[in-house]
Amino acid sequence: MSGAGYTLNEIMTVAAARLLRNGQVCFVGIGLPSAVANLARLSHAPELVLIYESGTIGAKPDVLPLSIGDGELAETADTVVAVPEIFRYWLQGGRVDIGFLGAAQIDRYANINTTVIGPYDRPKTRLPGAGGAPEIAAAAGEVFIILRQNPRAFVERLDFITSAGHLTGGDSRAKSGARGRGPQVIVTDLGILRPDPESKELVMTSLHPGVTADQARAATGWKLRVADRPEVTEPPRSEELDLLRALHARTARAHGAAPAEG
Amino acid sequence: MAAIMSLREAIAENVRDGDVVAMEGFTHLIPFAAGHEVIRQGRRNLTLVRMTPDIIYDQMIGMGLANRLVFSWGGNPGVGSLHRFRDAVENGHPAPLAVEEHSHADMAARYQAGASGLPFAVLRGYVGSDLPKWNDRIRTVSCPFTGEVLAATPAINPDVTVIHAQQADVRGNVLIWGIVGIQKEAVLAARRAVVTVEEVVERFDATPNACILPHWAVSAVAVVPGGAHPSYTHGYYDRDNAFCKAWDGISRDRRNFADWMEKHVLGTRDFAGFRRSIGLAEAGAAS
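Residue numbers (my numbering), protein chains in the order written: chain A, 62 to 323; chain B, 265 to 551.
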């Protein structure tokens with residue numbers, strides 16, 4: 062907890078939630094994206110449609126799911142469909158506005174690695190793998206990404222591209238056949254990054270209050286571009302913090318665990 | 265034609281050494297009891313297929329039953345890594361594990377192709393991803409009408425698919441509700457199918473389009489109350505999150521894992537014995 066009365070995880074989650082608009086259809090990854098999407102739904106975007114890859118459409122969980130397939134998601138959904146249907150009709154069919162993803166690693170073009178650290182055939186660390194992300198990253202209208210900013214996560218070169226961001230920059234994504242516009246916003250515990258309109262390289266366009274450009278550069282494994290006059294993220298309002306903390310408290314009680322991250 | 269039999273008989277008859285085995289479930293309805301029975305019966309050289317390998321495949325891999333894993337996301341949901349899976353991939357312990365890796369959309373499409381009698385699946389997949397560089401079963405096909413290039417991958421047709429469901433009726437028809445995952449496609453893609461259920465009822469109380477697998481599409485049904493523990497069965501019991509977290513500690517160390525499996529799985533006769541062994545109440549009892 063900083064002297065500001067909120068944590069960096071909290072401002073990260075709140076800043077990300079503000080990006081979601083009422084009525085949008087959001088395909089939600091587990092973990093931080095799920096906290097973000099549910100905070101948005103509980104605050105300014107009550108008609109935000111949450112889709113989880115387990116097949117739950119219009120889920121309205123009262124507590125954050127521990128997994129992508131919790132019963133809470135099915136019980137509160139408008140409908141529950143089979144897994145092939147969620148990917149074929151709803152995602153590939155073009156009905157998803159925002160794909161909200163987490164990542165283990167990301168590069169300057171917002172390509173994502175969730176597969177391995179080290180060589181694929183002799184991995185140093187075997188990560189869980191692709192899940193739904195490659196097709197979410199390709200097919201969603203646009204992609205938002207949330208992850209903590211540090212040199213292990215923001216790397217010069219990915220060991221493996223699991224899911225495409227802007228590939229090698231410029232028009233490389235447009236030429237790839239991906240239908241969606243790709244990553245438009247990356248929210249971290251230090252600030253917000255957006256792709257340059259031409260080169261598609263990520264630029265730090267906003268810093269959270271008290272975070273310096275040098276801090277952001279030091280937390281990034283490539284030579285980070287910072288906007289000439291980066292915005293300062295609006296601090297979380299007390300009603301946003303109340304909603305987020307209540308959500309985490311309900312979740313902790315329901316799962317019998319310590320409150321989750323973010 | 266589904267015969268209702270004991271789980272021991274159902275596995276003995278339908279899961280064989282060297283088989284391609286799909287034990288499916290998407291967080292919900294994971295066939296843990298059936299997986300334990302495969303371990304007890306000492307099957308070998310299995311190819312394990314699953315979209316989301318979790319604790320039960322961690323146990324099977326750690327016990328050395330599998331030499332190949334076909335999957336799209338491997339982890340302990342909400343907890344972290346699968347340590348036995350990682351040890352097999354990173355260190356070849358207890359045996360090298362070949363990995364064939366896809367995405368969820370692809371695995372789902374491959375099961376659909378298998379269930380549909382088609383040789384391959386087509387999807388808008390893997391755009392910009394490195395996965396096709398490491399998996400030569402991810403290829404491309406050109407649309408004969410537009411020329412557009414799409415991802416193509418072979419159908420999945422398991423020798424046997426094993427799932428858990430809420431109910432069977434007395435004829436062996438199977439009813440599933442809640443998150444239905446990929447189970448119907450996985451059963452219809454397979455040569456044989458084993459279904460464990462919470463209970464057998466005289467007749468279902470369900471709408472006509474509830475997910476019902478007709479008895480003649482299933483090889484064997486076995487009644488195993490609580491058989492999806494520590495995952496959950498919608499309408500019956502919640503997931504045992506404490507167990508899923510505890511598994512992280514049990515599985516981290518090779519010796520600790522082997523002792524635990526010896527004591528609780530190999531050292532018990534059936535799933536009811538396993539449940540008693542780890543201190544759970546009798547399944548089906550009022551909770």
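Derived by calculation from the structure, the hints in this document are not laboratory data.
Mixed in with the good hints there might be a few duds.
Below, simulated DSS-like cross-link-like pairs (lysine-lysine); rule was C-alpha separation at most 30 Å, straight line [unchecked claim]:
(1) 397(B) with 185(A)
(2) 527(B) with 284(A)
(3) 397(B) with 236(A)
(4) 284(A) with 236(A)
(5) 509(B) with 527(B)
(6) 121(A) with 527(B)
(7) 509(B) with 185(A)
(8) 185(A) with 121(A)
Covered by chain A, per the in silico footprint, the following chain B stretches (three or more residues, Cβ under 8 Å) [as the list claims (entries may be wrong)]:
(9) 290–298
(10) 331–342
(11) 355–368
(12) 442–450
(13) 501–507
Computed from a predicted structure; not experimentally measured.
For every residue, glycine included, the Cβ atom is placed at its ideal position computed from N, Cα and C.
Comparing the hints with the structure gives:
no. : hint               : result
1   : 397(B) with 185(A) : 19 Å, holds
2   : 527(B) with 284(A) : 54 Å, violated
3   : 397(B) with 236(A) : 19 Å, holds
4   : 284(A) with 236(A) : 26 Å, holds
5   : 509(B) with 527(B) : 19 Å, holds
6   : 121(A) with 527(B) : 41 Å, violated
7   : 509(B) with 185(A) : 24 Å, holds
8   : 185(A) with 121(A) : 39 Å, violated
9   : 290–298            : holds (count 3)
10  : 331–342            : holds (count 7)
11  : 355–368            : holds (count 4)
12  : 442–450            : holds (count 7)
13  : 501–507            : holds (count 4)
Checked against the numbered hints above, the structure breaks hints 2, 6 and 8 and satisfies the rest.
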